[in-house]
Each structure stands twice: as structure tokens, then as C-alpha cells.
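Chemist: Sequence:
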Amino acid sequence: MDFSLVQGAKSSPISEDSVIFQQAVNTFQSKGFDVTVEHVDQARRCLIAVQGPQTSKLFHALNCSIDFSRLYFMTSTICTVFGIENCRLSRCGYTGEDGVEISVDSARATELCEKLLFSKEASVKLAGLGARDSLRLEAGLCLYGHDIDETTTPVEAGLSWVIGRRRRETGDFPGAKIILGQVADKSLVKSKRIGFIGDKGRPPRSGYRILDDHDREIGTITSGCPSPCLKRNISMGYCATEFSALGSTLRIAAAGSLSSNAVVQVSKLPFLPTRPPALHGIPSLLWAGTLPHLSYFASIAAQT
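1 is the number of the first residue of the sequence shown in the UniProt record's numbering; add one for each residue after it.
Just so you know, these hints were derived from the structure itself, not from any lab. Computed from a predicted structure; not experimentally measured. Careful: at least some of the hints might be erroneous.
Straight-line C-alpha distance at most 30 Å; calculated BS3-like pairs for lysine-lysine [said to hold, decoys possible]:
1) 125 with 115
2) 192 with 268
3) 186 with 125
4) 200 with 231
5) 125 with 190
Go ahead and model the full structure; you've got the sequences and the hints to work with.
Modeler: Written as C-alpha cells, this is what we have:
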């Protein structure tokens, strides 16, 4: 059995993670298990994400050596994609849409992109950071380095579901004492990740301050953008728990500003229903299908 870990651009340094991995390897090897960790030179591989409502149609129609319907969420496999061998196909997309990620030998990455872009089975286009970021924010998904990092816990981030039953029982993971303490006693959670929605002014951005009715700072925005689907400003941030009730009205001030410049309401997350892939039990991004995010951010870029 093998597992593949792909770090994002803002993830913690691989040297820090390597220490944890090596400790686990040593533990397993001491018990007689055959366990190794291989670090793959990133120059050898390219990662291409294909996301959108027509992804399934695209891969069912084209030459792929696996049954796409049996590639479940958070799994991956080595296969041939469009005649290109040694591709790792995964279904771990982070846009709120269904999709796949293809890890391919660098020498054949351009060839694969061209085959995808010129496919007749689906409308496939290149997508930029604005489209990806607005999609994941509408879906209420965290971006590492902004909405979560080494200073936040899964409980504060609303991600307690990632802590499996065995982990809760054994407590054998970094930060377990603090994290499991918060799981058991919610009064230990002083701030939590919540969503905000507003209409007027510029969308809140990372680092903007969250204020109460008396202009006291009670939290910080971690992500924000205009929503192409809702036609409203959306954002996420960490706020004192006593101000996190749905429908509460709060104020947002730009970093360094002495007064608030936007009024927002606490909103449920996700902001929009997501289209999850099949469930069982900064890469390059291609978009398969039609959603407003591509043209929306292209028009903004053209105006600036």
C-alpha cells in the first residue's frame, strides 16, 4: 500500500514534516513493518488539476486506463491518461466542484495539457487563481497559510471531522493535548472560523479587522472576495465565539484603518451548496464545464 502527499505552496517547510514522518517510520520499523518515505524531486513531476461539472464526462469519454466512476474521493491510482503512462490520478479537488488532479512526468506535461484543452468531449479552459480562490471560498474551504496554519486547531477551524476515531482514542498526533482538550470542552475554544456576507464596499481581505458595535477588535479576516454566483461579498475569518451566532451584524475595517468600512452578517458555511465527487464509505488548473467564475475574473483583469 502506498500513500502520496502533495504539499501546497504555503504549506509548512517539508523539513519540519520530514521529522514527523521519520519518527513514524522509525516506530513502524521497530515493530517489524516494511515502511519507507521517498521524497520526489518536484522538478520531475507536474500537477494539473481538472475541475468542473463536465470532468466526469471528459474522463469517461477519453482514453483512460481506469474506471473513473471507481476513483473515489480522497483516493489516487497510477494509470495511463490519454495515452500518457505513469500518471497518478487523484480525486482530492479543492474547489467545491468535482474533479481530478493528474501528476505527470514533466517532459509530457505540455502534451497532456494540449490534449485536455483541445478535447471535443467537454469545454475545457485554463483557469486562474481568481477563479479557483472564489470557488473554494464559496464552498467554505480553507486555504493553508490563510485560514489555517500551525497556530490554529481543527476545532477552531470547524474541521473536527478530520480527527478519526482511532486518533481520538490514542491521542498520538502532534498537538493532541490541546486539540482533544477542545473537542472535550468547547469552552476552551475562544475563537472560531465563521463566514461573513455583505453587499456594500470592497470585499474584506486577509488581515482586515473584525469589529463589534463599539468598534472593539474581536477577530481577523483570513480570506475574502466577491462571489460570482451570489453577486455579494463573502469572507471568512476567526472571531470570538460569543459573536459567532448566525445573522449577527458585525463591522469590518481594513488593516490600519481607524474606522469600519463595511457591515457584514455572520453566514453559514459553505456559502453555496457544493458538488462533491463520488464518496466511498498552486497547481495548474483546467476547467471543464461552464460556471461564471472564469469570465468574471477575466473581466476584472481586463478593467485593471
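Chemist: Take the hints in turn and mark each one as holding or not.
Modeler: Evaluation of the provided hints:
no., hint, result
1, 125 with 115, "holds (12 Å)"
2, 192 with 268, "holds (13 Å)"
3, 186 with 125, "violated (45 Å)"
4, 200 with 231, "holds (11 Å)"
5, 125 with 190, "violated (43 Å)"
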